[in-house]
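**Student:** So you can see what is in the structure, the chains are spelled out below.
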Amino acid sequence: MTDSDQSGAIGTPLRRKEDLRFLTGQGRYTDDFNRPGQLHAYILRSPHAHATIGAIDSAAATAADGVVAVYTGTDMATAGIGGLPCGWGITDKHGKPMVEPGHPVLAQGKVRHVGDPVAVVIAETRDQAKDAAELIEIDYGTLPAVVETVDAIQPGAPLVFDEAAQNTCYEWEIGDQGAVDAGFARAVHVAKLDLLNNRLVPNAMEPRAALGDFDAGTGDYTLYTTSQNPHVIRLLMGAYVLHLPEHKLRVVAPDVGGGFGSKIYHYAEEAIVTWAAGQLKRPVKWTADRSESFLSDAQGRDHVTHVELALDENAKFLALRVSTVANLGAYLSTFAPAIPTILYATLLAGTYTTPAIHCAVRAVFTNTIPVDAYRGAGRPEATYVVERIVDVAARQLKLDPAELRRRNFIAKDAYPYQTPVALQYDSGDYFATLDMALKAADYAGFEARRQEAASRGKLRGIGIATYIEACGIAPSKVAGALGARAGLYEAAEIRVHPTGSVTVFTGAHSHGQGHETSFAQVVSSGLGIPVANIDVVHGDTAKIPFGMGTYGSRSLAVGGSAIVKAMDKVIAKGRKIAAHLLEAAEADIEFKDGQFTVAGTDRSKSFGEIALTAYVPHNYPIEELEPGLDETAFYDPKNFTFPAGAHIAEIEIDRDTGVTSVIRFTASDDFGRIINPMIVEGQVHGGLAQGIGQALFENAVYDKASGQLLTGSFMDYCMPRADDLPNFDVSNNVTLCTHNPLGVKGCGEAGAIGSPAAIMNAVADALAPLGLGPVDMPATPEKLWRLIQSHRPAQAAE
Amino acid sequence: MTLSVTMTVNGKSRKGAVEPRTLLVQFLRDTLGLTGTHVGCDTSQCGACVVHVDGKSVKSCTMLAIQAEGASVLTIEGLATDVLHPMQEAFRDNHGLQCGFCTPGMVMSAVDLVRTNPTPSEHEVREWLEGNICRCTGYHNIVKSVLAGAAAMAEAGGHD
Chain A
1 MTDSDQSGAI GTPLRRKEDL RFLTGQGRYT DDFNRPGQLH AYILRSPHAH ATIGAIDSAA
61 ATAADGVVAV YTGTDMATAG IGGLPCGWGI TDKHGKPMVE PGHPVLAQGK VRHVGDPVAV
121 VIAETRDQAK DAAELIEIDY GTLPAVVETV DAIQPGAPLV FDEAAQNTCY EWEIGDQGAV
181 DAGFARAVHV AKLDLLNNRL VPNAMEPRAA LGDFDAGTGD YTLYTTSQNP HVIRLLMGAY
241 VLHLPEHKLR VVAPDVGGGF GSKIYHYAEE AIVTWAAGQL KRPVKWTADR SESFLSDAQG
301 RDHVTHVELA LDENAKFLAL RVSTVANLGA YLSTFAPAIP TILYATLLAG TYTTPAIHCA
361 VRAVFTNTIP VDAYRGAGRP EATYVVERIV DVAARQLKLD PAELRRRNFI AKDAYPYQTP
421 VALQYDSGDY FATLDMALKA ADYAGFEARR QEAASRGKLR GIGIATYIEA CGIAPSKVAG
481 ALGARAGLYE AAEIRVHPTG SVTVFTGAHS HGQGHETSFA QVVSSGLGIP VANIDVVHGD
541 TAKIPFGMGT YGSRSLAVGG SAIVKAMDKV IAKGRKIAAH LLEAAEADIE FKDGQFTVAG
601 TDRSKSFGEI ALTAYVPHNY PIEELEPGLD ETAFYDPKNF TFPAGAHIAE IEIDRDTGVT
661 SVIRFTASDD FGRIINPMIV EGQVHGGLAQ GIGQALFENA VYDKASGQLL TGSFMDYCMP
721 RADDLPNFDV SNNVTLCTHN PLGVKGCGEA GAIGSPAAIM NAVADALAPL GLGPVDMPAT
781 PEKLWRLIQS HRPAQAAE
Chain B
799 MTLSVTMTVN GKSRKGAVEP RTLLVQFLRD TLGLTGTHVG CDTSQCGACV VHVDGKSVKS
859 CTMLAIQAEG ASVLTIEGLA TDVLHPMQEA FRDNHGLQCG FCTPGMVMSA VDLVRTNPTP
919 SEHEVREWLE GNICRCTGYH NIVKSVLAGA AAMAEAGGHD
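Keeping their order, the protein sequence lines are chains A and B.
In terms of the numbering used here, the first sequence has 797 at position 797, counting the first letter as 1, and numbering is strictly consecutive.
To convert a position in the second sequence, counted from 1, into the numbering used here, add 798.
What you were told as hints is all true, and nothing was included just to trick you.
Restricting the straight-line Cα-Cα distance to at most 16 Å, the calculated cross-link-like pairs of lysine to aspartate or glutamate (EDC-like) are:
| # | chain 1 | residue 1 | chain 2 | residue 2 |
| --- | --- | --- | --- | --- |
| 1 | B | K942 | A | D723 |
| 2 | A | K576 | A | E623 |
| 3 | A | K130 | B | E817 |
| 4 | A | K130 | B | D840 |
| 5 | A | K704 | A | E148 |
| 6 | A | K248 | A | D540 |
| 7 | B | K942 | A | D729 |
| 8 | A | K458 | A | D654 |
Under 10 Å between C-beta atoms, here's a sample of chain A residues computed to sit facing chain B:
| # | residue |
| --- | --- |
| 9 | R15 |
| 10 | T24 |
| 11 | P202 |
| 12 | M205 |
| 13 | D255 |
| 14 | G257 |
| 15 | E292 |
| 16 | Q683 |
| 17 | A722 |
| 18 | D724 |
| 19 | L725 |
| 20 | P726 |
Simulated from the structure, these hints should not be mistaken for lab results.
No experiment lies behind these values; they were computed from the predicted model shown.
Yeah, the Cβ is synthetic: ideal placement off N, Cα and C, and Gly gets one too.
When you get a sec, could you build the whole thing from the sequences and use the hints?
**Tutor:** So this is what it looks like as structure tokens:
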């Protein structure tokens with residue numbers, strides 16, 4: 001079962017190297033690791049959304065069979081353990097820092113959401129820990145809870161934190177309000193819409209897990225964890241929570257079963273098992289049940305938005321005015337403050353030339369599970385706002401939605417294009433991706449299909465959404481100015497071994513993205529060696545120089561660029577060695593297809609010969625050059641990358657049941673240069689499924705009175721299943737990123753960004769003949785059935 | 799209370815001590831160290847834990863270990879020996895997996911589909927996989943893989 005025959009050229013759909021272990025059950029996920037003498041932790045969580053914590057009686061639990069220790073928030077405080085830090089600070093519109101309440105590892109004094117961790121029981125077996133947790137008695141004093149986004153800012157609403165008046169974390173704005181007002185003043189038409197962006201549960205299939213280990217001989221700690229970014233966890237947990245120096249703390253994120261953002265953050269359980277392992281001098285493991293994941297993984301989206309679009313007599317966009325209330329949940333998750341601001345409002349220009357944009361954001365605390373980045377993170381929310389209001393305007397002006405978009409697209413020759421909301425797009429061709437999608441979706445033939453569906457009693461609709469995405473948040477200096485408390489570069493090491501094979505160490509992390517294959521293709525192409533001779537290593541702070549991890553579709557654009565930079569150093573050194581061996585000037589040495597050649601001659605040395613010479617330096621320029629061939633590079637991007645595209649959904653609504661069927665879904669995207677088209681298509685498919693899931697199925701529902709998560713299992717939260725989705729028609733138009741060496745833009749999130757608006761525009765289109773709508777996500781059968789039932793023929797004429 | 803349980807797993811007789819409440823998946827993962835079978839939920843919805851018991855696909859989180867007394871259990875580790883099973887090969891050829899977590903359950907479930915229906919339609923594949931959740935692939939390439947795997951299994955002459 002080897003794969004030595006595979007060509008690794010950039011652009012080939014190479015089968016994945018990692019698949020062999022996954023397909024044979026040899027993948028190694030965090031819960032698959034077991035250490036000798038291992039104990040098991042069970043986290044007791046709050047059953048209340050909001051309550052004071054009185055006395056905690058854990059005597060019976062401590063005495064129970066197999067129990068080794070029980071810890072509460074008081075124990076954590078006594079041990080000097082810090083709170084979970086927030087990695088992004090927002091300055092509000094008055095120049096003041098956001099309200100940043102503490103986030104204890106185990107609740108202290110108060111619980112603020114159902115699932116808030118209150119105590120941990122550590123026992124010989126997981127069942128013993130779980131059984132003992134039931135013996136803990138906690139004197140809760142329940143308090144009124146605030147759950148819904150808009151309720152949080154109502155006068156008299158219960159306060160999640162005393163220091164956050166009206167539950168407000170910050171009020172923030174971007175854009176020129178005066179220019180926007182002027183645009184509206186001269187508008188010929190104004191379209192308005194209220195929108196809800198429903199809260200989602202990420203639900204990576206692998207539940208989170210953490211295994212802490214302590215070596216009493218050396219004082220070294222090791223944490224195995226389900227993370228997208230082990231170095232970030234090491235930094236946050238070491239520096240802020242456990243006060244452990246990095247050189248005594250190793251964080252390993254082995255095979256990780258999906259992340260979608262939810263495994264970026266530093267979670268309490270990671271700190272608990274690491275600390276407890278040191279206390280008890282034994283390894284401590286925690287693995288979430290799915291029910292626990294629902295109550296403890298950061299959730300996504302949850303915006304309430306009002307949007308207005310001003311258009312002139314030619315239907316050109318004059319101004320966009322957006323006001324959003326964003327729900328942050330009960331605590332600030334690691335990157336939460338950045339999502340409804342920096343990653344949202346800056347995207348409101350979309351693919352259009354709208355000259356004036358203003359967005360006001362109010363971020364609020366509620367007694368719900370914290371909200372943070374989920375696939376797309378702010379950008380799906382922005383796309384949803386822009387693309388829904390554009391469609392509303394098209395309908396009101398009786399314009400073809402495709403034509404209205406074309407009329408307002410940024411011109412092909414307008415790059416670099418400066419938007420009124422801070423970003424500068426480097427490249428793109430929105431006309432090309434839209435045309436490609438329209439053709440593939442047979443947009444021109446849609447009316448005939450609508451008629452045919454109507455003859456079967458179905459309401460058929462078509463919906464377009466174009467999108468722009470900003471990936472690879474950068475440069476670090478700009479990110480810092482915007483509130484990031486970390487750098488946003490990436491690191492790579494290329495270790496060339498004496499016989500010419502290569503190990504690549506990347507700070508990016510693969511949890512399904514196939515980096516072991518696509519990164520190997522980059523290196524194979526760059527160094528001219530077979531993919532089989534290249535291993536890509538990630539996910540271990542003891543092996544990787546440093547890394548910021550994988551999120552925001554940054555891996556190839558930022559991590560891949562670091563790899564290219566390290567390869568350049570390898571080649572530069574190789575050229576010096578070759579010049580020595582070939583007795584030529586360094587400037588005359590060319591490197592191509594794995595050969596160092598004296599220009600214009602047939603005298604050359606292979607990459608393998610140079611590698612061997614570097615490690616066996618008998619004939620070597622030892623005075624000027626160190627032996628060895630192992631180079632590290634850090635890459636800090638010059639700008640974001642800007643993937644873009646057009647998605648078209650075609651749906652049918654059954655009038656009798658309200659069920660929406662996705663008949664056809666077309667996505668034409670521009671991700672820049674494509675390394676492995678098979679992997680890129682797969683990324684798009686998965687993103688589309690999550691976006692369609694948001695539009696039609698998924699919704700995190702809390703009981704308004706009690707704050708209980710009503711959709712707390714796969715029996716209640718509707719995950720898209722195989723029989724809910726169609727096959728997808730996916731294509732690409734390439735414009736290269738202008739500022740990174742590979743010309744790549746990133747493809748991980750795009751599917752989830754364009755699709756919700758495309759689906760909901762299609763739903764609106766299907767309902768338009770009945771004069772019904774607008775409908776908020778998710779467009780469930782119940783919602784649509786009720787709406788259709790409410791329809792009376794007299795209302796049908798539009 | 800512990801009980802002794804004996805079953806054939808991947809062709810070998812395996813014996814272990816379990817509690818009455820121990821699930822088959824816990825026995826496979828924790829007692830036998832067969833960690834290829836995964837646990838993705840606690841409501842028998844996701845199918846990451848699908849194995850074969852006496853030739854039929856079963857969610858191993860929905861069966862007690864002691865219920866498998868005397869049974870023959872096949873896990874993902876036992877599906878292939880020297881070469882990949884045609885269904886595994888099809889998943890690989892068609893990029894039917896990303897993070898790999900749902901994959902063992904998907905493959906085991908798909909093999910059982912082809913046992914009961916050697917030439918499934920796309921619709922039948924999607925219906926059959928209703929009990930296996932994947933969050934990465936959008937199912938497009940899984941469905942493609944299962945159809946290709948079914949064809950390859952037919953060609954291999956009923957290879958199981």
